[in-house]
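Listed below are the residues making up each chain.
Protein chains: 2
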Amino acid sequence: MLGRSAESAPGFPTRELALPRPRHGQGTAPCRPPAILSLLFLPGRHPSESHRGERQGRRSGPGGAGGAGPAGEAERARRGRRSGAGGGGGAGPAWEARPRRGGRAAPPCPGAAAERCTARRGARMGRTLVELFYDVISPYSWLAFEALCRYRHIWNIDLRFRPAFLGGIMQQTGNKPPAMLPKRGEYMLKDLKRMAKYYQVPVHMSPDAFQHIMGTSSLTAMRFITAIDMTNPQYLEPLSREFWIRFWSQHEDISQPESILAVAQQAGLSAELSQKALEMISSPTVKDRLKDTTAEVLKYGAFGMPAVVAHYDGEPHLFFGSDRLELLGSIIGEKWLGPVPSPKL
Amino acid sequence: MLGRSAESAPGFPTRELALPRPRHGQGTAPCRPPAILSLLFLPGRHPSESHRGERQGRRSGPGGAGGAGPAGEAERARRGRRSGAGGGGGAGPAWEARPRRGGRAAPPCPGAAAERCTARRGARMGRTLVELFYDVISPYSWLAFEALCRYRHIWNIDLRFRPAFLGGIMQQTGNKPPAMLPKRGEYMLKDLKRMAKYYQVPVHMSPDAFQHIMGTSSLTAMRFITAIDMTNPQYLEPLSREFWIRFWSQHEDISQPESILAVAQQAGLSAELSQKALEMISSPTVKDRLKDTTAEVLKYGAFGMPAVVAHYDGEPHLFFGSDRLELLGSIIGEKWLGPVPSPKL
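Protein chains in written order, with UniProt numbering: chain S, 1 to 345; chain R, 1 to 345.
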């Protein structure tokens, strides 16, 4: 489903599993969510109707610096290869009228701001590493995921996605799903509806949403995601998003192999790659990697997800929930501009 | 300790208890927190050094509209009587260099913006009633309390304080204090430290903070606050704030009669008024009022505090926690400007 750049063409990995894992913020995965999202939130505006220059003008005003614009193709490609930001440039709802199939996605830096932008991206040493630990069974994790996807082009951060297993965290800490308290469950239903709308993330709640969670294990899905993370990390972001869409927008299964393969296809993985990843999920390598990531976030002090760990000033800072991104910004010296920020670069 | 306007001079109530309870947003209580707060956060700037015009210039720029300014005294008094905003004008940290003893506090509307401001305050019918249900044992309630105190001068809301009993809510819903989960307790300690700093509210956390909570009942304090709410609501705000300061800044007792009298004195209540309120706390009238308020917030779906209920579009909307004020704003059509907003009027 996703339009792919040359760098992210699927294929089985040539890298060894033991190679140092690249920072996902530096990967080549495009930050372009599926068309369904634009349809869900912008029904009058299909991606195919998009016109980047026009959009930028409307969003930022004539003199403003938007997230898309007519920067040179060569510069665009260079930036894309260097920072992985070429595919997912700009901020705001990532799916807002952005072309998905064919062609290159809009670059993050428009003409006038390109120099400043390039200089900023060049200063990688000064960037804050922000790790998002998540499980696709967690709807609040989706909110944090999308919001951080937007902010990685605005804040001076390297965003790293860390798939972990919520069931393991709950078991290890003795935590219980919050919705097990009936009043809290009722509230969460309303809260998620409102938050989803405000964050422009298509979580669709239903009265039986929590039964749906309780009856589903995300273990196989998170192992599959882990296998992809280890082998073809450029798919980590679209794959994770497609799992959330399937479970939280479409209310369909994500635990069975056929469901997982369908999700992978939506995320743009080839049948061959998906099949190989599916075979890997029962390997000790993948199982141990998921266990290790889960153990790591527990070590940071997590008791649920999403858990955001910002490495700042020589220390890890844990933030729990999708509602601490403003606080995260204040700690790392970046300004919160709401869940759907306008690009400033 | 609080500087008082003529309207809020202490004295035992002449109103009958059965009289309709005024909206607190319309009361005459000044929104001026104690000097200790300015000392805690602005050590280089004592309230007595304040210069409102200068401050406004620094905060809003020469052409900006600040929260304080040289509006006419008559207009100021009129507004103060009508909307209760005269004493607590402006936004930002309420205690920022604002005189506490003697004299009138800064008005909310500076010269140039006075007309617009007056027109807005005049449109009471269009204002959203926002109720804050709180217990002074809850530190997150304090964050919400102070943030809403700032926003009531920026958003088109009538803010009503609703003292309730957290113990009753927990018992009725089966909820447990979150810090009972060890990992969550560790996290909350850090979270509260960071949030307090970011919200500019002097919650001082200590490693034994949660034992401190568990070993303290707020029932007597909340009954005392309720008695004052029923008889002299102009003191509800400063009294509640002083309870938080005593418990969460100074780590002192708030359960014994002598502690409560000390708090009341700090809030500016006369010895006579405090003594009478203390005698009232065992009356069925006060007990029932606290029970009724607690039952009311339970009916709205609360399972903890703070609980904010916004009456908007013909419906009550419940928000749990101090971290949903941005969402609250989005629902009622008001913009979140961070926990310490600059005044826009």
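What the hints contain is simulated information worked out from the structure, not anything from laboratory work.
Each hint should be verified, as a subset may be incorrect.
Straight-line alpha carbon distances no greater than 27 Å define the calculated DSS-like cross-link-like pairs of lysine-lysine that follow [unchecked claim]:
| hint | chain 1 | residue 1 | chain 2 | residue 2 |
| --- | --- | --- | --- | --- |
| 1 | R | LYS276 | S | LYS183 |
| 2 | R | LYS335 | S | LYS299 |
| 3 | R | LYS193 | R | LYS335 |
| 4 | R | LYS287 | S | LYS183 |
| 5 | S | LYS176 | S | LYS190 |
| 6 | S | LYS291 | R | LYS190 |
| 7 | R | LYS335 | R | LYS176 |
| 8 | R | LYS183 | R | LYS193 |
| 9 | S | LYS176 | S | LYS291 |
| 10 | S | LYS190 | R | LYS276 |
| 11 | S | LYS299 | R | LYS190 |
Sample of chain R residues at the chain S side, in silico, Cβ under 7 Å [stated by the list, open to error]:
| hint | residue |
| --- | --- |
| 12 | ASN175 |
| 13 | LEU181 |
| 14 | LYS183 |
| 15 | LYS193 |
| 16 | ARG194 |
| 17 | HIS204 |
| 18 | ASP208 |
| 19 | PHE210 |
| 20 | GLN211 |
| 21 | TYR300 |
Note that the structure is predicted; figures quoted are calculated from it, not measured.
Heads up, the beta-carbon is just placed ideally off N, CA and C, and yes, glycines get one too.
Notebook entry, point to check: Which of the numbered hints are not met once you compare them with the structure shown?
Noted result: Violated hints (numbers, rising): 1, 2, 7, 10, 15, 17, 18, 19, 20 and 21; every other hint is consistent with the structure.
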